[in-house]
Amino acid sequence: MYVLKEKLKRLKFDIRSWNKFVFGDINKQRVKLEKRIQVLDEKYDEGELSVEDKEERRQLLADLGQARVKQ
Numbered sequence: 001m002y003v004l005k006e007k008l009k010r011l012k013f014d015i016r017s018w019n020k021f022v023f024g025d026i027n028k029q030r031v032k033l034e035k036r037i038q039v040l041d042e043k044y045d046e047g048e049l050s051v052e053d054k055e056e057r058r059q060l061l062a063d064l065g066q067a068r069v070k071q
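Each residue of the sequence shown is one higher than the last, beginning at 1 in our numbering.
Don't read these hints as lab results, they were simulated from the structure. Just so it is clear, the structure is predicted and the values come from calculations on it, not from any experiment. Idealized CB from N, CA, C, for every residue including glycine. Heads up, some of the hints might be wrong.
Okay, the calculated beta carbon distance ranges per label pair [as the list claims (entries may be wrong)]:
| hint | residue 1 | residue 2 | range |
| --- | --- | --- | --- |
| 1 | I37 | M1 | 44 to 54 Å |
| 2 | F23 | E52 | 19 to 29 Å |
| 3 | L61 | R10 | 34 to 44 Å |
| 4 | D53 | K20 | 37 to 47 Å |
| 5 | Q59 | V22 | 20 to 30 Å |
| 6 | R16 | R68 | 13 to 23 Å |
| 7 | E46 | L8 | 52 to 62 Å |
| 8 | W18 | Q38 | 27 to 37 Å |
| 9 | D53 | V22 | 53 to 63 Å |
| 10 | W18 | Q66 | 17 to 27 Å |
| 11 | V69 | Q38 | 19 to 29 Å |
| 12 | L8 | Q59 | 31 to 41 Å |
Hey, can you work out the whole structure from these sequences and the hints?
Written out as structure tokens, the structure is:
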């Protein structure tokens with residue numbers, strides 16, 4: 001039973017390492033997306049949001065939704 005327990009511990013570590021390698025740190029990505037959206041929202045409030053900014057904001061919101069699902 002001890003051997004199985006140790007193998008599962010190693011497997012858990014390997015899976016976590018793989019997950020960070022493949023997906024990155026989801027929390028950092030989420031915070032980065034939220035900050036960029038906030039900047040664009042401030043530009044909107046000032047009336048300086050261009051068409052490209054609107055498209056970027058739409059894409060950022062979609063990416064944020066995906067990041068929340070991955071959490």
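- [ ] Confirm or reject the claim that I37 and M1 have a C-beta distance inside 44 to 54 Å.
- [x] For I37 and M1 the Cβ distance comes to about 50 Å; the hint holds.
- [ ] Look at the Cβ atoms of D53 and V22 and judge whether their distance stays inside 53 to 63 Å.
- [x] violated (30 Å)
Task: Range hint compliance [Cβ, W18 to Q66, 17 to 27 Å] - done: The hinted range 17 to 27 Å holds for W18 and Q66, with Cβ atoms some 19 Å apart.
Open item on the list: Within 13 to 23 Å: is that where the Cβ-Cβ distance between R16 and R68 falls?
Closed with: holds (20 Å)
Task: Range hint 20 to 30 Å (beta carbons of Q59 and V22) holds or violated - done: holds (21 Å)
TODO: Check the following: the C-beta atoms of V69 and Q38 are separated by a distance inside 19 to 29 Å.
DONE: About 21 Å separates the Cβ atoms of V69 and Q38, which means 19 to 29 Å holds.
- [ ] Starting from the hint 31 to 41 Å, judge whether the C-beta atoms of L8 and Q59 obey it.
- [x] With Cβ atoms ~40 Å apart, the hint holds.
TODO: Can you let me know if the beta-carbon spacing of F23 and E52 is within 19 to 29 Å?
DONE: With Cβ atoms ~28 Å apart, the hint holds.
Open item on the list: Is 52 to 62 Å respected by the C-beta to C-beta distance linking E46 and L8?
Closed with: holds (54 Å)
Open item on the list: I want to verify a distance hint. Is the separation of the beta carbons of L61 and R10 within 34 to 44 Å?
Closed with: holds (39 Å)
Task: D53 versus K20 beta-carbon gap, inside 37 to 47 Å or not - done: violated (31 Å)
Open item on the list: Between the beta carbons of W18 and Q38, is the distance compatible with 27 to 37 Å?
Closed with: holds (32 Å)
In terms of the numbered hints stated before, the structure departs from hints 4 and 9, listed from lowest to highest.
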